[in-house]
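Student: Spelled out from the first residue to the last, the chains are:
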Amino acid sequence: MADTTETAADISTGGAADQAVSFAGAVKAFGAVRAVDCVDLEIARGETVALLGRNGAGKSSTISLLLGLNEPDEGVVRLFGGTPEQAVRAGRVGAMLQDTRPVPRVTVGELVGFVAGTYPAPMPVAEALELAGIAELAGRRVDRLSGGQTQRVRFAVALVGNPALIVLDEPTAALDVEARYAFWDSMRAFTRRGHTVLFSTHYLEEADANADRIVVIDHGRIVADGTAEQLKRAAGGSLVAFDLAGAGPDGLADLPGVVSVEVRGDRARLRTDDSDATVVALAERGVIRALEVAPASLDDAFLALTSSDTPARTARTFLETV
Amino acid sequence: MLDYLRLEVRRTLRDTGFVIGGVVMPVVMYLLFTNLGDGADNEWRTASMIGMAAYGAMGSALNTGGGVAEDRTIGWLRQLRITPMSPRQVVMGRALTGAVTVLPAIVAVLVAGGLVNGVRLDAWKWAVIALLLWLGSIPFTLLGLGNGYRLTAQATGVMNMVCNLTLAVVGGLWFPLSLFPSWLRSLSSYTPTNRFAQLGTSVADGHAPALGAVLVLTGWLLAFGSYAVVSYRRTSRTV
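Chains as they are written, first to last, in our numbering: chain L, 1 to 322; chain G, 1 to 239.
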């Protein structure tokens with residue numbers, strides 16, 4: 001049954017069906033706010049992709065479009081060459097949504113078992129609970145679990161249908177460090193099976209450690225797309241930091257090599273293509289108090305890519321030339 | 001969809017609020033109201049039995065809306081939308097859950113009437129009364145759904161309770177209409193609850209429900225049905 005559908009989709013859409021996820025010029029506005037602003041994104045089958053952004057950057061809105069919970073105002077969203085609704089109805093998608101609370105008055109086993117029954121080819125419930133690390137909780141009521149356990153139940157709900165694509169919207173938000181590590185262990189056990197995974201997060205180290213590829217989103221736009229290494233390089237070679245000592249940040253952006261300027265308290269942080277030239281220029285201005293020069297970290301890359309004084313388009317173009 | 005029905009019925013029956021408010025309360029109130037003081041005559045024992053069964057059925061029917069509001073608030077409806085179940089199956093499953101969960105209240109009060117209060121009716125009358133009360137609860141399920149799709153879980157609870165109490169008292173489910181002033185009595189005959197109970201009492205008296213009862217209930221069915229549809233359309237965009 002699933003095979004027939006797939007063949008039909010391949011014939012009708014050609015190469016697009018090779019992609020698990022495909023956004024073309026997708027726009028979604030809520031009032032005056034463009035939560036998703038002209039997003040183009042392709043995710044191949046079997047990829048593990050992190051959608052990285054600050055709170056309110058447009059991650060959840062993008063995921064809502066992807067799952068068919070919202071319709072784009074403009075542009076097209078396709079999953080496996082068909083509409084999101086078709087993919088969802090065919091049981092090819094599983095998801096862990098943000099801002100859902102535990103379903104009251106059901107046990108873990110009942111809930112996961114019910115969801116499994118709605119999919120055409122689910123994995124055994126026991127296997128899903130095992131993968132999510134909650135085998136021993138099957139008989140417990142979902143609304144009487146800890147935060148970390150609840151999150152794992154939601155993970156089991158997302159994966160029990162054995163879907164080709166699994167989407168996790170901030171799966172580790174509000175988890176403590178230990179629970180977060182335990183969650184990613186479960187997660188890696190699942191991705192090794194060759195499923196396509198898209199997860200959103202605002203933790204850089206999670207994106208770095210668990211994804212093949214990082215898509216950075218800011219103000220509803222994709223500002224960078226690549227591996228962690230590519231992002232670091234794209235962010236510019238080095239970071240030069242020093243105390244302003246009351247000098248003010250005027251003119252710093254115009255110094256040689258400087259790509260972006262960020263001031264935190266009294267300390268200025270310049271991202272630069274050419275740290276030597278920048279430091280020389282700073283020395284000429286006499287502002288080298290507590291000077292520090294370091295290679296850019298992924299954190300710096302993220303801040304640089306999403307800081308408001310970096311035009312989104314420039315950053316993306318920049319990355320593509322790397 | 002049957003799995004969904006089973007899951008939701010289970011969740012409803014595990015809700016202590018539902019069991020107490022929708023099943024235990026009507027039975028207790030029935031037994032109290034008919035046995036306090038001098039006790040009641042046979043006619044009131046039967047009429048009150050039907051009134052309280054109708055009251056319990058209405059409470060349970062409205063509770064379906066409370067369930068929907070809760071599911072909406074906690075994100076369960078969103079989660080269902082990304083399972084392979086179609087939206088129509090979800091809505092149908094919910095409506096069937098409402099139909100099933102109305103039954104315990106009706107059965108419990110009728111059993112209390114027959115076993116405790118010694119109400120004697122022909123077997124076919126028991127069956128037809130139960131069936132009519134079951135069918136007659138549909139407008140109230142729709143009213144509950146209308147509230148549940150429109151309001152927050154908390155507001156739905158309050159709204160359902162207000163609807164429940166007002167309609168029960170004004171419709172004469174708790175006290176006989178003969179105690180009402182005449183203006184209230186004439187108002188009462190236009191309420192869905194009064195006509196709902198009348199379905200049962202006319203069968204107990206041995207004749208078919210009056211045309212007026214069927215007409216008034218049909219009117220309310222259409223009104224509450226439209227309300228539910230409008231509410232659903234309003235929220236389906238944001239669920």
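These aren't lab readings, by the way, just hints derived from the structure by calculation. On a predicted model such as this, the values are computed, not experimentally measured, just so you know. Careful, some of the hints might be misleading.
[As the list claims (entries may be wrong)] Derived Cβ-Cβ restraints for the label pairs, each shown as a range: (1) 251/L to 233/G: 54 to 62 Å; (2) 207/G to 123/L: 58 to 66 Å; (3) 88/G to 31/L: 28 to 36 Å; (4) 124/L to 92/G: 27 to 35 Å; (5) 14/G to 203/L: 50 to 58 Å; (6) 83/L to 210/G: 36 to 44 Å; (7) 88/G to 173/L: 26 to 34 Å; (8) 127/G to 185/L: 31 to 39 Å; (9) 161/G to 33/L: 53 to 61 Å.
[What the hints assert, rightly or not] What the simulated footprint calls covered on chain L by chain G, stretch by stretch (three residues with Cβ under 8 Å from a Cβ of chain G suffice, anywhere in the stretch; the number is not a length): (10) 96-109; (11) 134-140; (12) 261-267.
[Said to hold, decoys possible] Counterexamples of contact, computed for chain G against chain L with all Cβ distances above 10 Å: (13) 7; (14) 10; (15) 75; (16) 219.
C-beta atoms are modelled at their ideal positions from N, C-alpha and C, and glycine is treated no differently.
Student: Can you list which hints this structure breaks, lowest number first?
Tutor: 5, 6, 8, 9, 11, 12, 13, 14, 15
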